Amino acid sequence: MSQKFHIRLASQRVNTNIAENRRYPKIFTPGETITQQHEFMRGHGTYEDNGELKSSVAGVREQVNNLISVKPLKSRYNGEVGDIVVGRITEVQQKRWKVDTNARLDSILLLSSVNLPGGELRRRSVEDEHMMRQYLQEDDLISAEVQSVHSDGTLSLHTRSLRYGKLGQGVLLKVFPSLIKRSKTHFHNLPVGASVILGNNGFIWICPVINNSEDSVGGFVQNLEEVVPLQERETIGRIRNCIKALAMCKMMLYDTSILYAYEESLKYSIAELLVPEAMIDVAILTQHRLSIIEV
Amino acid sequence: MGLSEAEKTYVLHGVEENLRVDGRDREEYRPMELETDVVSHAFGSARLRLANTDVLVAVKIEVDAPFPERPYEGKLEFFVDCSFSSMITWVLNKMKPQMASSPMNSHMASKKMLAKERTIKMISMDIGLPSSSANATPNFEGRGGEVLAAEISNCLSSAYCSSLSFDLTKLCILQGKKCWKLYVDILILECGGNLFDAISIAVKVALRNTQVPRVKCIDMDGNNVEISVCHDMFDCQRLNVENAPVMVTVCKIGDKCIVDPDVAEEQCSVGSVVVAVSGNRFSTVLQTGMGSLHPLTLVDCLKMGHKVGQKLDEAVKEVLKESLRGGDVGFIK
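As given, the protein sequences belong to chains A and B, one line each in that order.
First residue of the first sequence: 1, per the UniProt record's numbering; consecutive thereafter.
First residue of the second sequence: 1, per the UniProt record's numbering; consecutive thereafter.
None of these hints come from the bench; they were simulated from the model.
Bear in mind that the values here come from a model prediction, so they are computed numbers and not experimental data.
We treat Cβ as the ideally placed atom computed from N, Cα and C, and that holds for glycine.
It is possible that part of the hints are untrue.
As the list claims (entries may be wrong) - Have a look at the derived ranges for each label pair, beta carbon to beta carbon:
#, chain 1, residue 1, chain 2, residue 2, range
1, A, Glu277, B, Glu146, 51 to 57 Å
2, A, Lys26, B, Asp232, 38 to 44 Å
3, A, Lys26, B, Val147, 43 to 49 Å
4, A, Asp49, B, Gly289, 32 to 38 Å
5, B, Val147, A, Ile27, 56 to 62 Å
6, A, Leu105, B, Gly254, 42 to 48 Å
7, B, Ser292, A, Arg163, 41 to 47 Å
Excised from the complex, chain A in its bound form:
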């Protein structure tokens, strides 16, 4: 029965670098010279020192014509208009909510940029301001879209679509924002029986499959009585551990990679997926399958 305890020595730590036989990009460290030529322009994550262009963060180099920037591996979320984010309410203020979206500053969700029950185009009255905490209170999770970026870097969010709004029962996962692959849609109903929201800010929400016909009020109602069936719970738990495994091996996260990881993980039990060896095995098999469809 001691199988329930996995205590390993640090000398047996496994290497999470799975890109060994493949070419992987050079990672610049802060202060490392990128180029000594003068014709290049200085982009994000770089600075000039004695005519040399140097990296100010640890990350990979990206070049657009003459503009060189370094994209950090691990950073806070830098928002862009149109991004889909998952966030947590930190404060209820007058006419607005403050939302933690893993950005440097808390984001803002204005009362006027949410869909309130009773019609989309409705004037916001004083009563609505008093009711704000009943719609969203502290620690509630929401999905939203970035509406604008202010000059100081704060993000303005909106939930003016039936897809966005308050999130119900499920699990929140946090990964590096750079691991989320940008795609057309970040809301996925996976065929294995769970729904995933891959927020561009690195917050991932996994929940039971949502029926869109049901909640068309704007998403402020929650059913706390409802018990998620065991089977869905298993699926959600497995997806959670698979995403953790992929994130540990620094693999990009999108619907296909998550689905493949899920399928490859079926030989392990859900709890076994917490053990590093199993995590790496799943990540390697997933990478292998992804490389097959690339060719």
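For this one, chain A is given, so just place chain B on it according to the hints.
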């Protein structure tokens, strides 16, 4: 970090169905990673990582006079630090060159180190660094860290105070005059739930890792006692930690109890019981959290803690055996 009501409901129902958020059942632990001999100037050290919880324990030894009421016993003291300045101290000490050349010197050196450590701590306070800022978890902010640190160290001392759990008579050098005093310094580097369990395992391993210098001869000149220790650096005694207590936090969520709660589960719990198990006995029981427990629930918690604690203890012993076999230090091979 808070949790929304819906998330809490999800965790709660999961515990009821015996399938937690990460797929574990109620009596399952997360994988751990253990490292010994991490602090070169300490007499013994260990670092334990349990998911996101990271704990570093170092043992230092000094010569001291035993308590008059317990002339045959040595001393054991626990000190828990959840603060930021302690982390700087650790980093600075890690950077310092190793000063140990001979065992007597190393003893002196470690004493010097202790003094130096205190100065560094004072310096770091002088330059305006917060003495207990929230580096591991927001709970440590302000005086929260101190309260938690006191709770943990009190729990450890009461768990180790029985002679059945840890034999202090082995630390006696000369009855009533001299004994070894062990300082167990615990540094919390990161807090990801289940602090008590992680600390108790790390302390046990660090004590196992501790090398007590072997006393060669004792000279008595009136009331003056002089001790000389063996000159061979590797000729040391190891402590017996066979029965050293292992703590299990049994956390009550809804109507059921679980072990090894993560941060989210700790937030859903109404109260928890820390059970220190040494051999097949309880050495200490502590209730944490705000809620109160029904007597029947408490009995259930104790039973569960006892069962899990013994298994955990076995697993720790197994890995200790393994660690003594291998000669590698840390992750460098």
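Status of the hints after comparison with the structure:
1. Between A:Glu277 and B:Glu146 the beta carbons are some 40 Å apart, a value that contradicts the proposed interval 51 to 57 Å.
2. Restraint check, A:Lys26 to B:Asp232: a C-beta distance of roughly 49 Å breaks the suggested window 38 to 44 Å.
3. Hint check: A:Lys26 to B:Val147, Cβ distance near 48 Å, so the stated range 43 to 49 Å holds.
4. A C-beta distance of roughly 53 Å is found between A:Asp49 and B:Gly289, which places it outside the suggested range of 32 to 38 Å.
5. In this structure the hint that B:Val147 and A:Ile27 lie 56 to 62 Å apart at CB is violated, the actual value being about 42 Å.
6. A:Leu105 and B:Gly254 have their C-beta atoms about 37 Å apart, which leaves the hinted 42 to 48 Å range violated.
7. Between B:Ser292 and A:Arg163 the C-beta distance comes to about 44 Å, which sits within the given range of 41 to 47 Å.
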